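Sequences and hints are given; from them, build the entire structure.
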Amino acid sequence: MIAELGLAVLWLAAALAVLQLVIGALALRPEGQALAGLVRPVAVMQGVLVLAALAALITLFVQTDLSVKLVVENSHSAKPLIFKIAGTWGNHEGSMLLWVTIMAVAGAFVALIERRLDEPTLMATLAGQAFISLGFYAFLLFASNPFARLPQPADEGQGLNPLLQDVGLAFHPPTLYVGYVGLSIAFSFAIGALVTRNVGPAFARAMRPWVLGAWIFLTLGITAGSYWAYYTLGWGGWWFWDPVENASLMPWLAATALLHSVSVLSSRDALRAWTVMLGVVAFSMSMVGTFLVRSGILTSVHAFAVDPQRGAFILALLAIDIGSALALFSLRAGTVTEGARFAFVSREAALVYNNVMLCGILGIVLVGTLYPLVTEAYGVKVSVGAPYFNPVSAMFAFPMLAMLAVGPLLRWRQDRLAGARAARVAWPVLACGALALAVFVGVELFAHRITLLPALGLAIASGLFPASLLPLVGRNLRRTPLPVWGMVTAHAGIAVALFGMASESAFSVERLAAMQIGETQSVGPWQVQLGAILPVAGPNFTALQATLETRYAGGSPVTLHPQAEAFSNPPGTRNESALETRWNGQLYTVLGEQAADGRWQMRFWWKPFAPLIWLGGALVGLGGLLALAGRVLSDLRRIIARDKIAWRRMRQGR
Amino acid sequence: MSALAIKPKHQRLVLIVFALAALIGAVLLAIYALRGQASYFYIPSEMVAHPPASGRAVRLGGMVEKGSLKTMPDGVTIHFTVTDGKAAVPVRFTGITPDLFVEGSGVVADGRMDGGTFVADTLLAKHDEKYVPREMKDMVAARAGQTGAPKP
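Going line by line, the protein sequences match chains A and B.
When we follow the working numbering, the leftmost residue of the first sequence carries the number 1, and every step to the right adds one.
When we follow the working numbering, the leftmost residue of the second sequence carries the number 1001, and every step to the right adds one.
I should point out that these hints are in silico values taken from the structure, not numbers from a laboratory.
Computed from a predicted model, the values in this text were never measured in an experiment.
All C-beta atoms, glycine included, are put in the ideal place defined by N, C-alpha and C.
Accuracy of the hints is not assured; some may be wrong.
To be verified - Some but not every residue of chain A turned toward chain B, in silico, with C-beta under 8 Å:
id	residue
1	Arg-341
2	Val-352
3	Lys-381
4	Ser-383
5	Gly-385
6	Tyr-388
7	Glu-593
Next up, the structure:
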């Protein structure tokens, strides 16, 4: 019953999306003005209905309804409740329903909240949102119905991939999806503005919080996913340049560029066409990512839900959505008038530089991700990994980060780095540059085996961190607006994360050994003793658990318990690492198999400052949050003030 | 004020040229680097017929030959032979082997040739029923086609 209800609600929501598209488009014409009042309620209703469909699917998973095909294929009655819920989107159909849900709910939010955008542009935006939603509704209803029943209910479900049975699954995919799909709002705004030819600061100010919101979720989703892969795969790595990771990185790069160009447009009315273009590109990258993940055309650790036929469907959607957006852009871009001018040395120019560099990195990642597809068309199978991505993207990333030190200090429109401005901008930045140089020389002198890339990373991070705090110097900190705090926090977060990445790759120490019970091995400053190996039982798995007595530089012992877990539904194993975090790094331990002579394979890493990678990511997200809070609060204040004035006027009029 | 003296139209043109130059540069750089850095996929008979340059990162895929798996005295280094039925390549790997890595099953190894031995950095085995490296799936499918077996 719930499954049928869910499907019916989904169809209804799709019908409302059609309605939203049609009346939104009609409302743009003078004769359709009467319909304009309907668009917002329809958008809200659509969001509510899809939310109900998702709730229905979650209910089916929680109840483990074994007459529903999707539940049988991906769930099991003995699974812990949190993984039953999270398992709803741990598969193709469920994740697409989550996608459509977020898309519709985001549209509903725009319809409910957005008051600053002029009415025609908003109508066009909501119609655009309905247009892209419709493609995904069609995909869901015709090619991947999550509510399909089996002719005969199964006796038991097939369970969920053990690697996915982790709290990470409860948070990482929804967060990332909110980010991915949140960018559809930027896409729709761009379309709306192109349709009404209304690209200007007001449009940028309306669009900015939405972009910022999606970008925060993307940042946190990527950070969380990286940490999840780090501790659950037992490989000791935190980024593998896997196609699916790239698929999340590309929208992030585009969204970061968009975030910066939107601020130019809203403050200075420059980069009009460019901002609109980035709005289209950012969500297009989300869709390209979905295509790569869902079609299974690329080998990936995320390939838990692949189907080539569906890939063709998404490819068609991709072509229609991106193609029509680009066609609209090329028709209308010429009528978007040039924005304000700016000098070569100015905040705008620095942000243009940032945008171009980000797009360069985006191009490099995109080409590297798609390259195996191209060569395979010629019968040559290749894989592309860190040896390509790390140095080539660094060629654009490092110059960009160097500019990050000075950009936020520059004035809008025109700046001159002489006289008083030299004391304010040039000298402090040069001091930071000197610090970076000193770190680089120090690393090269005292640590010979460190390769160029990590050494450069350490140097740039060391210079960038103090430089990113410079915008606060000379300000009254209590009166510093929240968005400035946000910018400083996010930029400092980039430096912190870069330091963690560079340190992890420069200073990590690995020890791989077959150990007898009672034996001690050292890894970096740590002594690790294998105490015992005992079987333990989890909720739906059995495991061998090692007891490790670890000491940092002869200090007090810490006990760690890495596990080798064996799942039966479905059959699979997982090496759950055990981590010990200190202020200066992380000890990473993995239990392997028992060798023929009775010894146990153990793998240890000492990773100095590795946790800074994720701390930095979290800081970047926090920075976004502060900026968003600042924008929303000032908007609220403005609205309240306006209402007060209106009220006073009304009273005085009486 | 010289920089502000140019017309908006010209500024737009300068920006477009700058952005295009950077993007094209990025793509050219990417393609140039890919030619050197992409790691090619080999099966044992190709590996024997046209061995890659020593030290170049490549991938090797095939079946772990029955009876070839030996563990070295350190307990963490293994030697085995990867075969495709026509040729065989000896492989050395140091580390914790993936689950379901057994003799007779498929494997994809990332690594490089060192003398006559393939030194693997990582091994990808069939991880579970749902996740199989795609090269391996193709390989298994090709074998099934040859022998007429319905399913591996």
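Tested hints:
1. Arg-341: Constraint on Arg-341 of chain A satisfied, holds at 5 Å.
2. Val-352: With a closest approach of 6 Å, the Val-352 of chain A hint holds.
3. Lys-381: At 4 Å from the nearest chain B Cβ, Lys-381 of chain A passes the 8 Å test, so the hint holds.
4. Ser-383: holds (5 Å)
5. Gly-385: With Cβ-Cβ at 7 Å, under 8 Å, it holds.
6. Tyr-388: holds (4 Å)
7. Glu-593: holds (7 Å)
Every hint, counting from the list given before, is met by this structure.
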